[in-house]
Amino acid sequence: MKRRDLLAAFGGMAVWPLAANAQQPRQVIGFLHQGSLPQPAWTAAFRKGLVEAGLSDGLTIPIEDRAADGQYDRLPALAADLVNRQVSIIAADFLPAALAAKAATERIPIVFLIGSDPIGSGLVSSVNRPTGNVTGVAFMFTRLGAKNLELLRELVPNASSIAALINPSNPNSGPQLKDLQAAASTLGINIETVGASNDEEIESVFTSLPQRGISALLVTADGFLISRRDRLVALAASEKILTIYPMRQYADAGGLMSYGANLPAGFHECGIYVGKVLKGAKPADLPVLQPSTYEFVINLKTAKTLGLELPAKLIALADEVIE
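The sequence shown lines up with residues 663 to 985 when you count with our numbering.
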């Protein structure tokens with residue numbers, strides 16, 4: 663072979679891998695939401711997690727969002743759409759979205775952010791060694807009902823009945839209600855369940871509570887209810903219903919009290935796991951994360967608006983008091 667031909671051959675060999683790499687499609691994250699689109703701060707926390715996991719393009723990597731806006735029957739079609747678009751990975755919040763994603767694919771990695779028991783809900787068979795293509799972050803909100811009920815009881819010690827607001831279309835509602843009923847039995851409180859899975863039912867619930875002589879309410883964790891946070895807080899204030907919520911975003915919006923995990927921190931941890939998987943980690947090698955601490959927040963400004971004198975013991979228990 664002539665020297666010129668030999669150099670051309672080697673030149674072609676050197677260029678080919680570069681051309682092949684240039685043609686590789688860019689990674690795309692599919693994000694399936696059971697409620698509305700997440701707040702910008704939550705998305706920023708998620709992207710920060712991507713960067714911390716080592717993705718240099720974590721702040722700009724494309725995210726294909728699909729939101730069911732509380733209409734959980736839409737989730738299978740939305741999950742199928744992400745699969746058909748061949749996204750690199752699917753992130754899912756919360757349980758209904760995670761279950762829909764798992765049912766849609768056994769091939770694409772899935773990282774969930776849920777409030778329930780990941781084993782009991784059927785997402786994974788083990789927390790420490792999840793199998794298949796699924797792992798994520800579990801807030802375990804379904805196990806916090808007892809603590810929420812205790813805190814609300816401190817505020818209204820003489821209440822014989824307390825209402826619990828659930829979304830009956832959420833698979834979490836059964837475990838959450840069971841947890842609350844067990845705690846209520848121990849405390850000698852009657853729990854009255856009220857359900858809402860759309861805006862009209864939310865309005866109806868808050869109108870009916872004063873008519874039934876109920877002045878204390880516990881809101882359970884649910885993606886649709888979170889997306890209606892501002893309306894829930896406004897109705898509780900207008901009807902003077904003393905309410906405890908499952909996360910601080912409600913208290914920040916004017917809700918009286920909240921107890922639960924930090925949601926932005928959960929999105930951040932979810933982002934870290936998504937980033938690790940995109941960098942080559944297998945979901946089965948990433949144990950399901952659980953929060954080590956929860957936060958109790960009181961909105962003192964709201965208490966004053968309602969004319970409440972909060973017990974000193976309750977204020978002392980708070981991790982933060984909003985004034």
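FYI, nobody ran anything at the bench for these hints, they're computed from the structure.
Some clues are possibly wrong.
Straight-line alpha carbon distances no greater than 20 Å define the calculated EDC-like cross-link-like pairs of lysine to aspartate or glutamate that follow [said to hold, decoys possible]:
#: 1; residue 1: 902; residue 2: 865
#: 2; residue 1: 902; residue 2: 841
#: 3; residue 1: 966; residue 2: 982
Quick list of the computed label-pair ranges, beta carbon to beta carbon [stated by the list, open to error]:
#: 4; residue 1: 689; residue 2: 955; range: 53 to 59 Å
#: 5; residue 1: 690; residue 2: 977; range: 22 to 28 Å
#: 6; residue 1: 702; residue 2: 977; range: 50 to 56 Å
The structure displayed is predicted, hence computed values, not measured ones.
From the three backbone atoms N, C-alpha and C, an ideal C-beta is built for every residue, glycine too.
The hints, checked one at a time:
This hinted pair checks out: residue 902 and residue 865 have alpha carbons roughly 14 Å apart, not beyond 20 Å. For the suggested pair residue 902 and residue 841, the alpha carbons sit about 26 Å apart, so the restraint of at most 20 Å is broken. Straight-line distance between C-alpha atoms of residue 966 and residue 982 comes to about 16 Å, which keeps the hinted pair within the 20 Å bound. For the pair residue 689 and residue 955, the supplied restraint of 53 to 59 Å is violated, since their beta-carbon distance comes to about 33 Å.
Taking the beta carbon of each, residue 690 and residue 977 are about 47 Å apart, not inside 22 to 28 Å as hinted. Between residue 702 and residue 977 the CB atoms are about 32 Å apart, so this pair departs from the stated range of 50 to 56 Å.
Consistency note: the structure conflicts with the earlier hints numbered 2, 4, 5, 6.
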